[in-house]
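Number of protein chains: 2
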Amino acid sequence: MSTIDTLSVNAIRVLSADAIQKANSGHPGLPLGCAPTAYELWMNHMNHNPADPKWANRDRFILSGGHGSMLLYSLLHLFGYGDLSKEDLMNFRQLGSKTAGHPEYGHTVGVEATTGPLGAGMGMAVGMAIAEAHLAEVFNKENYPVVDHYTFVLGGDGCMMEGISSEAFSLAGTLGLGKLIVLYDSNQISIEGSTDIAFTENVQERMQAFGFQTLTVEDGNDLTAIGNAIEEAKADLSRPSFIMIKTQIGYGCPAKQGKASAHGEPLGVENVAELRKFLEWPCEEPFEVPKEVYENFSRAGEEKAEAEAEWKAMFAGYCEEYPEMEALWNQYFDGKEAVKKALWEDESFWAQTEKPEATRSLSGKVINRLKDLMPNLMGGSADLAPSNKTYMNGEGDFSKENRAGRNMHFGVRELAMTAIGNGMMLHGGLQSYVATFFVFSDYTKPMARLSALMKTPLTFVFTHDSIGVGEDGPTHEPIEQLAMFRAMPNFHVFRPCDAVETASAWYSAVTSETTPTALVLTRQNLTPMAGSSREALKGAYVLDDCEGTPELILMASGSEVELAVKAKEVLSAEGKKVRVVSMPCMDLFEEQSEEYKESILPKAVRKRVAIEALSDFGWGRYVGLDGAYVTMNGFGASGPAKQLFEHFGFTVENVVETARKLG
Amino acid sequence: MSTIDTLSVNAIRVLSADAIQKANSGHPGLPLGCAPTAYELWMNHMNHNPADPKWANRDRFILSGGHGSMLLYSLLHLFGYGDLSKEDLMNFRQLGSKTAGHPEYGHTVGVEATTGPLGAGMGMAVGMAIAEAHLAEVFNKENYPVVDHYTFVLGGDGCMMEGISSEAFSLAGTLGLGKLIVLYDSNQISIEGSTDIAFTENVQERMQAFGFQTLTVEDGNDLTAIGNAIEEAKADLSRPSFIMIKTQIGYGCPAKQGKASAHGEPLGVENVAELRKFLEWPCEEPFEVPKEVYENFSRAGEEKAEAEAEWKAMFAGYCEEYPEMEALWNQYFDGKEAVKKALWEDESFWAQTEKPEATRSLSGKVINRLKDLMPNLMGGSADLAPSNKTYMNGEGDFSKENRAGRNMHFGVRELAMTAIGNGMMLHGGLQSYVATFFVFSDYTKPMARLSALMKTPLTFVFTHDSIGVGEDGPTHEPIEQLAMFRAMPNFHVFRPCDAVETASAWYSAVTSETTPTALVLTRQNLTPMAGSSREALKGAYVLDDCEGTPELILMASGSEVELAVKAKEVLSAEGKKVRVVSMPCMDLFEEQSEEYKESILPKAVRKRVAIEALSDFGWGRYVGLDGAYVTMNGFGASGPAKQLFEHFGFTVENVVETARKLG
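Residue numbers (the numbering used here), protein chains in the order written: chain A, 11 to 673; chain B, 11 to 673.
Hints were generated in silico from the structure; no laboratory data involved.
Since this is a predicted model, take the numbers as computed values, not measurements.
Using N, Cα and C, we set each Cβ at its ideal position, and we do this for glycine too.
Among the hints, erroneous ones may be present.
[What the hints assert, rightly or not] Partial chain A-side listing against chain B, Cβ under 7 Å, derived:
(1) Gly-126
(2) Ser-200
(3) Arg-423
(4) Asp-482
(5) Met-494
(6) Met-498
Chain A on its own, in the form it takes in the complex (with noise of 0.2 Å):
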């Protein structure tokens, strides 16, 4: 290891410990053991730009423990990431600091996601590569290797312990992502103490059921058997390879390293006093770094640029060569707008059915069209396809044989196929879409709160959407899923009424810039409404109204709005004057002026009531002190959906006796 490895290798270490002591919080273990391979993996093996974060064809790299963030701001640092300064890392977890706690996707140039969920950054990953494998597939020509890249991820026992790993690594097994290189930092420590209270497995041979090439690196600190080992997985184009590195947790404070103290709070100033001794750093004063460390960075930074450069001139080529290509490109990597233009301006795309249908079909229908007005829309199911009705017909499914197929078969592993979704996302260059059943969008929870977080337009298809489901019975009838997603900020959930609201839910999703949607839709047929627009891209708007003032509102969202129409016709023929106001989104009528809002519920009108065949949680914000609810106050039950929705009341004479008993 030369001098200027070393020093460079130590400078991580000891700014991560530096701002962690000065912030008074963070994670120094992680940072303190994996600082060479993190050196060594982004100084001599990985294709990066530093003066060019979003070049298209970066390796990626994934901090999976995002609890180590030091790590990677250090590294941000020293190789001038978005001129993130030592400042920035002296205000490391300070409010409005660009060095939060955890990596934030779009908070911090260089961040690729954000994690901290511990897992979620190994499914990022597989969908990152899967991203990769699919548009190397459909963009790459002879000599034109435009799309050729790995995706790198960083993670730790906690990492390995979490399900979601088992999860996305089988399926990356599966594929075959030999562009897929998992770094597995093997510290044997976890915040209980030695991982063997808990996890004794074989990691490595587990990897290897999934089909991965798995190799070992003894010493952590050993830049070269990292490299070696970095090298022959990247050589591996068959199968994706795990590296599992033995390193020290808190490596060089000889109070904690190998302890579980070393983990997640600062090491204290003597200890950080104790670090820069063992490590025989050469500067007293904190965040200082000798000169010749940031040259070394630069030096690679300029050197690295040059690799982009040489990029940029092929593509240049590609493009002369290949015009139709460059413009297929652009679809896929900046055809948004060109898609929401197109969509709104065609008719058929909004045109109402005449008979009865199921929103998840017409939700299929709408995929089969937009597939063709989007070659990038690539998604698939969690072993549910032919009831979510998600496959693209023609388009051939994603595997390691083919890699052009754009259905994605995710097996029946909901957390890891949401997460795999966002990774394809932020990759660059698709829309992706994930799909379950409604109910089951409960494991896929964790990783929804990502997309919102990172702001990751991903779409979820769930299907099945209440108790409409039937004979499956209570562990298959969403109840509060509904309410869940409604909760969430920075989420859209639409539960459209017809094939007008399904197209607007999708027209919502794929032209959406910073927020994922979910498209909750029936199992079961429903009616045409007369009454409904594209206004349903307002949230909420009022699909069957009286003459006049109402007295009375009648709120509803997918299967429960027919029931609300035919309820007030039954009330106006008793000379009520009833609106009818169609929510198929809570989140963008919330989003609406205030103006808008009074418009359709008018504050003055007090008698209102919600019907909704799930939880009736969140609807009190607009029934307010005075309304009534039709809705679910528990668990389903095992019947034909007709029966259940009249044994929990959802029938035209329980909706039209709440809103009488309103008087």
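Start from chain A and add chain B according to the hints.
Showing chain B alone in chain A's frame:
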């Protein structure tokens, strides 16, 4: 295979096919493929007594692939469990029948766990095996193995793809749960087609990596091979066993066997006729079963009853020789009332603290008080015990070497942890708790829902309950999680404001008979509230009141109660009549009488402010159309907690200002 065995196996197949056909709904694939496995297991290797389904020492059996419910119902019917009649089978999947679409615990006699969400059964089985191992250590004496049974679980490819099974089995291997036996129905078929499209891993090697003995049955119709494998599995007590049984989905139905179409829809009338022909089934009439088949099962049932009789005799001797153990047994299996009484009467349990303290720390003290009163309390954290404060001092760690330990180290596996907690509770004899950061409750959601659905009063300890998390930032700051759990039926979420309310929350949790409870606790210190009381058990109560009728109500929970009280002081000084309502458990408040609710929140009082450092979603029910919110509207940020509270408006000034704006 003897004639009677063949007939009996086929009885399971034909009854299943008939019931599914009659319901015109259901999943024939699994029952047809797994009938021999289930028959051989229940007939010749499992200790159970149809006449006493709750026998404490019975072997446990969980059908993790819950969609194959007719397999279980057919067995239960043939063995005569709970008088499950032929008519009950005929009413499969009908509203109100005993034979719901998926097996439901507490609904059908003989069903040990509710299954349907794939992988769930795998996790619960691990929990049951842990319970068995612990209780055996606690209770068994020389010559008196009063707790000594196996736990069997049967699942398919879907269960193995779900991440929860990797989480649970990795822990099961670490813990060396020798009496856990997993039966893997390997039929190579998933809903979207061959498992090869998404699942080519070597499952046996994965299980070996986890530390399981692995066995293979090449022909799923070979009862002898199945029986031998089960006996081999039973014989190895040092590690759990995994038996891969190669089956054909839908076996016996020539048109569908081995195909995805066999999985989830009725075979069709003609195919059921073909099945009868293929199996040489002697009866034409649907649901008709030869007399000798019933005799075969009932003879077996009688023999099995003898095993319980022997156990009862042994248990009687045990009680005579160790009367103190009998008392302990009763304390474990039937001690809830005594706990309830003791806690209620113990004034020190309800005592207020003098100094500010975090509710997680107060909870830790309660746990260490409860552990003596409740020797059957057993639980732990997903590798966050030092932060969650869930460690029971002096009670040891449950491990391969120490079955007496009461502290569980679940590893970083929140989902499996929750399923395991459910399994420990379902087993009987234990009161279990699980713990993680509140934001990671997302990972627990699918199995927390099963707790609620099964009415299993598991306790969840969720700490770090808001932006009070501070520097770790938005990936670690819960926002919508409180709404997520409040929206779930039969689930109590407590967010206490001090020691008295924390005691109330734990009291409610451990005395609950049918409802799981989550405790949502702060990282940061909270000031003891003068007005707090065990009225908290009603979910909401007046913590600080004005004289006469209030004109303004401030509603808050947890860390925000102090804000409400201080804002009240300011507003009172201005002459406003203000009431402060502490609402630690919205769910329990909803369960109170209308009179009680009106007494706390009089409908006439329209000026209301909800104050809670989490999503406002769900508060509308109490805020109404005229109130206001001091809540979180987006994700949090990384920074010192105090700064975050100020930044996001959680200050006395802002609460006062918000209230003033109401007029």
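(message) To test your reading of the hints: which numbers does this structure violate?
(response) No numbers; nothing is violated.
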